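Construct the entire structure; sequences and hints are all you get.
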Amino acid sequence: LSPITYRIDIIKNFFCIFLMGGALLTATSGPGFHLMLPFITTYKSVQTTIQTDEVKNVPCGTSGGVMIYFDRIEVVNFLVPSAVYDIVRNFTADYDKALIFNKVHHELNQFCSVHSLQEVYIGLFDQIDENLKLTLQEDLTSMAPGLIIQAVRVTKPNIPESIRRNYELMESEKTKLLISQQTQKVVEKEAETERIKAIIEAEKMAQVAEIKFAQQIMEKETEKKISEIDDQAFLARQRAKADAEFYTAERAAEANKLKLTPEYLQLMKYKAIAANSKIYFGNEIPQMFVDSGSAGSSIKATAALDIISEQILDLD
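Here UniProt numbering is used: the first residue of the sequence shown is 1, the next is one more, and so on.
No lab work stands behind these hints: they were computed from the structure.
Fair warning: there could be bad hints in the mix.
Here are the simulated lysine-lysine pairs, DSS-like style, with alpha carbons at most 30 Å apart [stated by the list, open to error]:
{"id": "1", "residue 1": "Lys44", "residue 2": "Lys133"}
{"id": "2", "residue 1": "Lys56", "residue 2": "Lys44"}
{"id": "3", "residue 1": "Lys185", "residue 2": "Lys212"}
Quick caveat: nothing in here was measured; it's all calculated off a predicted structure.
Given below as structure tokens:
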């Protein structure tokens with residue numbers, strides 16, 4: 001090394017800027033060993049990886065006139081290496097004071113001035129982080145391109161003790177109300193469940209009763225059909241029996257009609273007389289079989305009388 005040079009070491013994740021006689025040099029250097037002239041040239045290291053800037057104790061006045069304080073706001077950001085020269089030239093190496101710290105103070109006060117304590121402390125508190133990040137990034141994109149805001153974290157603000165106690169009491173009452181509402185919802189849900197169960201049970205019983213009723217109707221209809229079939233079978237049997245008896249009687253009548261000839265009747269009469277064991281005496285016996293209307297009949301009667309007489313003698 002020359003007696004008039006000085007070696008500097010730039011560690012990883014940092015860029016080095018040089019100033020000669022107070023003027024910023026356009027050249028920047030990355031990590032490694034570099035030489036510079038002592039007393040004439042100075043340098044400053046600028047971090048180009050993610051870093052967290054903490055803005056502490058930020059006062060903020062709400063639209064209602066209540067003064068509150070944010071203990072800590074964390075801004076996670078990083079600087080693009082290609083933008084190091086421009087940002088340092090415009091805002092010095094301590095660019096974060098102008099671009100982050102001051103902007104955070106300004107934006108928070110703007111936010112608080114148009115919102116009430118209720119909105120800042122409770123209603124809109126969950127939106128402060130994202131809104132602050134978007135606002136900062138929008139301004140930086142136009143003022144200092146290359147400085148990127150990755151995230152913003154805001155702690156709960158400190159409020160006057162009396163107001164804080166009132167809020168705690170209010171939150172306690174709100175919690176009780178929510179518990180009461182949830183309990184009521186649970187009770188209503190249980191009642192609704194019981195009602196639905198009762199409806200389902202009633203519908204099931206109605207369906208069972210309907211099925212049983214339909215089954216009974218089917219059984220009655222089956223019994224009715226069986227009875228009708230039995231009646232029809234009985235009627236058919238009786239009709240067949242009557243037809244058979246009628247046919248038998250008809251045939252017997254026809255047979256008897258064929259038998260009822262004069263000769264057959266005379267024969268039956270003679271058989272009846274022959275079967276009679278009584279003996280008649282007197283002169284009028286021969287006239288019993290005499291037919292005054294026909295000579296042939298008289299001859300037949302006489303012959304029959306002779307036969308009867310012979311049968312009587314045989315009996316003796």
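Violated hints - listed by number, lowest first: 3
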